[in-house]
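Enquirer: Once you've looked at the hints, dock chain A against the given chain Z.
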Amino acid sequence: MRGWAWPLVFLAAVAFGFGTGLRDRPAGPRCLRCGAPSDTIGRVRFLLPDGTDRVFCSIPCARAAGIPEGARVRVTDEATGQEVDADAAFFVESEAVSVAHNRTRIHAFARTTDAAAHLEEHRGRWVPNPFRR
Amino acid sequence: MAFVQLSRFLFLLQAVVAAALVAAGAVRGRDPARGGSLLLLGGIGAIAVLAVSGGVLYYLGLAARVGFTPGAMCVFGVLRAGPPALRWVEAGFPAVLVLAGAGAATYLLEHRAGDPTSRTVRAVLAVGALVALAHAGTGLWAWQRLLNPPPGQALSVSCCTTVFDVAEAGSAAVAGGGFAAWWLWGSLAATLGCLAGLGRGRGGAGRGLLWGGAVLSAGTLAVAAPAVVLARWAPRMMGLIDHHCPYCLLQRVPAAPPAVVLAGLGLACVAWGAWVALVGSVRPDLRAEAVRMETGLARAGLWLVLSAAGLLAAYALGRGSGP
Numbered sequence: 001m002r003g004w005a006w007p008l009v010f011l012a013a014v015a016f017g018f019g020t021g022l023r024d025r026p027a028g029p030r031c032l033r034c035g036a037p038s039d040t041i042g043r044v045r046f047l048l049p050d051g052t053d054r055v056f057c058s059i060p061c062a063r064a065a066g067i068p069e070g071a072r073v074r075v076t077d078e079a080t081g082q083e084v085d086a087d088a089a090f091f092v093e094s095e096a097v098s099v100a101h102n103r104t105r106i107h108a109f110a111r112t113t114d115a116a117a118h119l120e121e122h123r124g125r126w127v128p129n130p131f132r133r
Numbered sequence: 001m002a003f004v005q006l007s008r009f010l011f012l013l014q015a016v017v018a019a020a021l022v023a024a025g026a027v028r029g030r031d032p033a034r035g036g037s038l039l040l041l042g043g044i045g046a047i048a049v050l051a052v053s054g055g056v057l058y059y060l061g062l063a064a065r066v067g068f069t070p071g072a073m074c075v076f077g078v079l080r081a082g083p084p085a086l087r088w089v090e091a092g093f094p095a096v097l098v099l100a101g102a103g104a105a106t107y108l109l110e111h112r113a114g115d116p117t118s119r120t121v122r123a124v125l126a127v128g129a130l131v132a133l134a135h136a137g138t139g140l141w142a143w144q145r146l147l148n149p150p151p152g153q154a155l156s157v158s159c160c161t162t163v164f165d166v167a168e169a170g171s172a173a174v175a176g177g178g179f180a181a182w183w184l185w186g187s188l189a190a191t192l193g194c195l196a197g198l199g200r201g202r203g204g205a206g207r208g209l210l211w212g213g214a215v216l217s218a219g220t221l222a223v224a225a226p227a228v229v230l231a232r233w234a235p236r237m238m239g240l241i242d243h244h245c246p247y248c249l250l251q252r253v254p255a256a257p258p259a260v261v262l263a264g265l266g267l268a269c270v271a272w273g274a275w276v277a278l279v280g281s282v283r284p285d286l287r288a289e290a291v292r293m294e295t296g297l298a299r300a301g302l303w304l305v306l307s308a309a310g311l312l313a314a315y316a317l318g319r320g321s322g323p
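From first to last, the protein sequence lines stand for chains Z and A.
Mapping the first sequence onto the numbering used here, position 3 (from 1) lands on 3, and the numbers just tick up by one.
Mapping the second sequence onto the numbering used here, position 60 (from 1) lands on 60, and the numbers just tick up by one.
Here chain Z stands alone, though its shape is the one from the complex (with noise of 0.2 Å):
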């Protein structure tokens, strides 16, 4: 190969890496765990004694991360949007699924007449806080 044309191969590999990392640079909030959208009913987010947060789409993804050493958790209310301290949630395993992707049936209120009413509504059962240590 002639003396320019390596250089050319490193611009070309650098000008691609670029581009398709450009085009990769995610739009919104992801989960750190499955990397889907993290803007979802079923939010939750792990609070760290350093003050940095992680999110994750779900319940369950949550759960499977794992909780770091004092961290405080929230999650999302399914009937306000507002977060609340998973400690002080009422918790209910139903038909309904809160998030598609993996198909995620527990959901969390700040309420008890919120969750009683979805208990009644979709068929569910009361479960404890799924982050209890």
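Derived from the structure by calculation, the hints contain no laboratory data.
Mixed in with the good hints, there may be bad ones.
Pairwise CB distance ranges (calculated) [said to hold, decoys possible]:
| # | chain 1 | residue 1 | chain 2 | residue 2 | range |
| --- | --- | --- | --- | --- | --- |
| 1 | A | Val-282 | Z | Gly-3 | 25 to 33 Å |
| 2 | Z | Pro-49 | A | Gly-193 | 42 to 50 Å |
| 3 | A | Ala-181 | Z | His-122 | 43 to 51 Å |
| 4 | A | Gly-42 | Z | Gly-3 | 28 to 36 Å |
| 5 | Z | Thr-112 | A | Pro-150 | 20 to 28 Å |
| 6 | Z | Arg-23 | A | Gln-144 | 37 to 45 Å |
| 7 | A | Gly-212 | Z | Gly-3 | 35 to 43 Å |
| 8 | A | Val-261 | Z | Pro-49 | 40 to 48 Å |
| 9 | A | Gly-320 | Z | Pro-68 | 17 to 25 Å |
The beta-carbon is built from N, C-alpha and C at its ideal position, and this holds for glycine as well.
Expert: Then chain A, alone, in the frame of chain Z:
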């Protein structure tokens, strides 16, 4: 299934070409003046093309079997559930390619120097042709066992996540991540430094030492690079915090396959260059031509390894740091 059948067909073709190289006298020697010479080079080229295209079709075929393999989530799951020969076939592709390249380099070296095909070329080709034959046979046998397991020996149930997800089982790549990162940068710097020195084309006693250094550092680079990429970069590139599977990386990250090709060819250039240097040191009549050829191979290796590293770095830069 079409990929599987095509892969089997290419293995069959590889077996035929390799057997022809062994049996038809090309390996045992043929007078180049009678036209055997070009046939020899054609045979080497055919083996190299079959190894590359066969490798691509092999993985496409394995990917097509994911849905038929209990518990498998990607190619890795099929490899785990299938016969161990599937792994030997994997290792065989680069081996056949390196041997074919070594045969071609030696052949070209002698013919550029005006010599007929020598015993050295025939010996390299004999080894290469036999390895290609064994590789093709193993490939055919492995496909047969995967598609039709013997009675009472059904495929084992595979489970990718228990191997590659740290939360479940951990992995050697992650365990060695910190040390491997330093190893990677050191090996990369040493490889590029040696190849840059050799690419300047100056003769002398130092070239042997530089080739030794290049082979050693390229060898350690070949071990460290996959470990670091899988341990640290793959989870961020794929956006999966605990996932360290090389096959998922190749499927999900578009920068990964060309980077592997560039790095593989670059490391192969180091092997071929060192081989040519060895031939040149044993045969003083070929030394001048050998220096020319190994200089070209060193330059090619330098730019190919640099391009692979640049491609991955540019991808990480373009994608952003966090998943």
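Enquirer: Hint by hint, note whether the structure agrees.
Expert: Status of the hints after comparison with the structure:
1. Val-282(A) to Gly-3(Z): 25 to 33 Å: holds, 30 Å
2. Pro-49(Z) to Gly-193(A): 42 to 50 Å: With Cβ atoms ~43 Å apart, the hint holds.
3. Ala-181(A) to His-122(Z): 43 to 51 Å: holds, 49 Å
4. Gly-42(A) to Gly-3(Z): 28 to 36 Å: Because 30 Å falls inside the window, the suggested range holds.
5. Thr-112(Z) to Pro-150(A): 20 to 28 Å: At 59 Å between Cβs, range violated.
6. Arg-23(Z) to Gln-144(A): 37 to 45 Å: Once the Cβ atoms are compared, 40 Å apart, the range 37 to 45 Å for Gln-144(A) and Arg-23(Z) holds.
7. Gly-212(A) to Gly-3(Z): 35 to 43 Å: violated, 27 Å
8. Val-261(A) to Pro-49(Z): 40 to 48 Å: holds, 44 Å
9. Gly-320(A) to Pro-68(Z): 17 to 25 Å: holds, 23 Å
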